[in-house]
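Listed below, chain by chain, are the residues.
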Amino acid sequence: MILKDILLQLSVRSVRLHFLRSVLAALGIVIGVVAIAAMGMMGANMTLSVTGELSQMANNLVVTAYTGGGGFMGFGGGGGSQSREEQMITENQFRDIRDIAGSYGTVYYVYSQSDSIETSDQWGRATIYGLDPDIFAEVLELEEGDYPKSTTTVVIGPRIAERFGLEPGSKLVIGDSDEGSTATVRVVGILKEKGMSMDLNTDSAIVGSEKLYTGIYGGEGEYRQVNIVLDDVDNVDTVKEEILAELNDRDDEVTVQDSSSMLESITSVLGTITTFVMGIAGVSLVVAAVSIFNVMMMSVTERVREIGILRSIGTQRNDVRRMFLYEAGILGIVGGVIGAVASLLIGYIVVLGMVGTTEFFFTWQSLWYIPFAMAIGIGICIISGVYPAWQASSLDPIEALRAE
Amino acid sequence: MQAKSRPVITLDRVTKVYPLQSGDVTALNKISLSINEGEFVAIMGPSGSGKSTLLNQIGCLDIPTSGTLTLAGRDVGAMNDRELTDLRLTTIGYIFQKFNLIPLLTAYENVEYPYLMKHRKNDDTGHVRHLLDQLGIDEALSAHKPPQLSGGQQQRVAIARALVNDPAILLCDEPTGNLDSQTGIQIMEVLAQLNRRGRTIIMVTHERDIAAYAERTITIRDGRVA
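Chains A and B are the protein sequences, given in the same order. Using the working numbering, read the first sequence as starting at 1 and increasing by one per residue. Using the working numbering, read the second sequence as starting at 1001 and increasing by one per residue.
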C-alpha cells in the first residue's frame, strides 16, 4: 500500500533526480552508522572475550584485607607504591583461612609489589610476586625453563620477557638502589601466557620465592592477598560465607572476592568505555545530520514552486510534510542499510585488530549494534528532515506559486 | 443543459488589504458580485487592478480581509487551512498560465494526483484515462513527463487534472498566455465545450478576443468592478 503512495513516489524521484547530492548526504550517515556499530561491536567483543577468560577461573577466590570501602581492590595484587599503612593479611588470618578452605582446595598466600627493574640495557616497572616455593608447580605454568629453586632465581611472564628481551639465563636487578635494597636475580623460566586474571597476573610480572621477596622488601607474614583455588566451583559461595563468618565475626577484617565481582567491575568499566567511544563515534552522526539538514533545505528551496502547485490543487499541509519526511527517510534508510553492510565488514576488521579474536563476533550481543546504529542513523535523518518539512508545509501557496 | 439560475459564487463587499510597511495596499475594495452555475465569466482589467487577487479569493488560496465570500453555499472566510485545501481539491479546478504540472510526475500521474488525494487510492475506474482521451492525450503521450510535451499538450493535461475531481468551478488564470494563438484557440474551444456541458468557468485574461469566448465580462479597475 505505502509503495503506491504518490507522495513517496515524488520523494523517491526527487532523490533520484539529485543522485550525487543524495549519495553524498547518505554517505555521512553510512560513516556514522559504521563508526557507532564498529565501536559498539568492539566493546561487546572485548567484554565477551574478558568474560570468557575470567569464567575459566570461576573457582578462584581472593581474600584481601578489609579496607572499609568494600570496593574492588586486589586487581591481581600489584600496582601502586607500597606503604606500611596498607592493610595486609596477617599470618594468623591466613591460618584461619587455610583451616576453613583447605579442605575445599588449595590455599596460598601472595606477596606482591610494583617496583622498578633493570636489565643491562633497559629500565622499567613490573609486579614482583613472592610465593611459597612449594606452591610454584601448582599455580604457575611454564612455557620454558624451570621453577626457581633458590633466592636468586625467578620466573618471568611472557610479556616482560618479550619487552626486555629476557630468556632463561638472563640477569636483572629488582628495585631501585636510590630508594632501598636491590637484588640481582637470574631468570630460570618463562611462564605461559595467561591473559587477564584475578588471582595472579603473571604475564607482566616477576615471580620469585617468598624469601627472595622478604629479603628485598621485608614484611614477613604480611600478605597482600590469599588465593584459594577450589576443587569444585559449586563451593564458591559456601567457602566465601564460611570465611566471612569466621574472620569478620567481630570486625570486618577481610574481603572475599570471587570472579563474579571482578567480572562485574570489568564489565562495568568496559561498558563505560564503550559508551564513551560510541559517543565520540556519534559525533560523526551529528555532522551527517547537518549535511542531511542542508540537503533537505536545498530540496525545499528548489521545490518551492512545486510545493505551491501541490498546495493549490488541494494537497494538505501534512501531506507536504510527509513528502519531505519521506525524502529524509529514504536518505536515512539508504545510508543505514549500506552502513549496516559496511559495519559487518569494518566491524570484523576492527574487532580482529583491537580484540585479537573474532570468536564472539557473530553473537547477538555483538551483532546487535548493527541494527542499533542503523536505527540511530535513520532516526537522525528523519529528525534532520523535520524542520525543512515543516518549513515546506508552511509556505503560502500564492507566494510559492510565484517562485521561479 | 442546466438552468443558469443558482449562484455558485457570491461576493458581498469583499475587501482584501495587504499590510505593507510602506502603508496598507487595498487590492480589492468592497467588491460585490455573483456568478451563477453554468456561467462562463471573463475577468478583465489592467495589471495591478486586483484581478489575480480576486481569482485567489475565489480559488480559496487566500481569504478576504472583510466581506463575505460564499462558494458552493459555504462561507470561505470562516474556514481554516485544512478546509480551504479540501475545497481546492474537491470544488475547484485550477488552470494556470504556466500549466504548473509536477515535473517529476508523468502526464497520467499529474492527472491522477488530485484523484489520489481525494480518494486515497489509485483510479481503477478508467476515469483518468477517459479524461485524457477526451482531451486528445493518448496513452503514449500520457507516459511522458511534462517537459517532454508541447505547451498545448501540457495545458490539455492541466485541464484534465483540473477536471478529474469533477469540480463545481473551473478557474483559469490566463490559460492561453503561454501558448501561440493557434494553440490558444484550440484550448479556448475545449473550455467553451466544457461550458456548454454545464461547467461553471471563471477566466482571468487581458486579451479581448479570448474574453469574447465568455458570455459575461467583468472588468476590474483599482480593486472595484468597473
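For the record, the hints were derived by calculation from the structure and aren't laboratory data. Don't take each hint at face value.
[Claimed, not checked] Label-pair restraints from in silico Cβ distances:
| no. | chain 1 | residue 1 | chain 2 | residue 2 | range |
| --- | --- | --- | --- | --- | --- |
| 1 | A | 386 | B | 1215 | 46 to 52 Å |
| 2 | A | 20 | B | 1134 | 37 to 43 Å |
| 3 | A | 396 | B | 1185 | 57 to 63 Å |
| 4 | A | 17 | B | 1222 | 27 to 33 Å |
| 5 | A | 16 | B | 1025 | 38 to 44 Å |
| 6 | B | 1215 | A | 16 | 24 to 30 Å |
| 7 | B | 1047 | A | 19 | 40 to 46 Å |
| 8 | B | 1078 | A | 17 | 39 to 45 Å |
[Unchecked claim] From chain A, some residues computed to sit far from chain B (all C-beta separations above 12 Å):
| no. | residue |
| --- | --- |
| 9 | 229 |
| 10 | 232 |
| 11 | 316 |
We treat Cβ as the ideally placed atom computed from N, Cα and C, and that holds for glycine.
Each hint, compared with the structure:
Range check, residue 386 of chain A to residue 1215 of chain B: Cβ separation about 50 Å, and the 46 to 52 Å hint holds. Our hint of 37 to 43 Å for residue 20 of chain A and residue 1134 of chain B holds, since their Cβ atoms are close to 41 Å apart. For the hinted restraint 57 to 63 Å between residue 396 of chain A and residue 1185 of chain B, the CB-CB distance of approximately 35 Å leaves it violated. Checked against the given bound of 27 to 33 Å, the beta carbons of residue 17 of chain A and residue 1222 of chain B, roughly 44 Å apart, lie outside it.
With their beta carbons about 43 Å apart, residue 16 of chain A and residue 1025 of chain B fall inside the hinted range of 38 to 44 Å. Checked against the given bound of 24 to 30 Å, the beta carbons of residue 1215 of chain B and residue 16 of chain A, roughly 47 Å apart, lie outside it. Between residue 1047 of chain B and residue 19 of chain A the Cβ separation comes to about 41 Å, which falls inside the hinted range of 40 to 46 Å. Between residue 1078 of chain B and residue 17 of chain A the beta carbon distance is about 40 Å. The supplied range of 39 to 45 Å therefore holds.
Listed as a non-interface residue, residue 229 of chain A keeps its Cβ farther than 12 Å from every Cβ of chain B; the least gap is roughly 73 Å. For residue 232 of chain A, the shortest C-beta to C-beta distance to chain B comes to about 70 Å, beyond the 12 Å cut-off, and the non-interface label holds. The Cβ of residue 316 of chain A sits about 5 Å from the closest Cβ of chain B, inside the 12 Å cut-off, so the non-interface label is violated.
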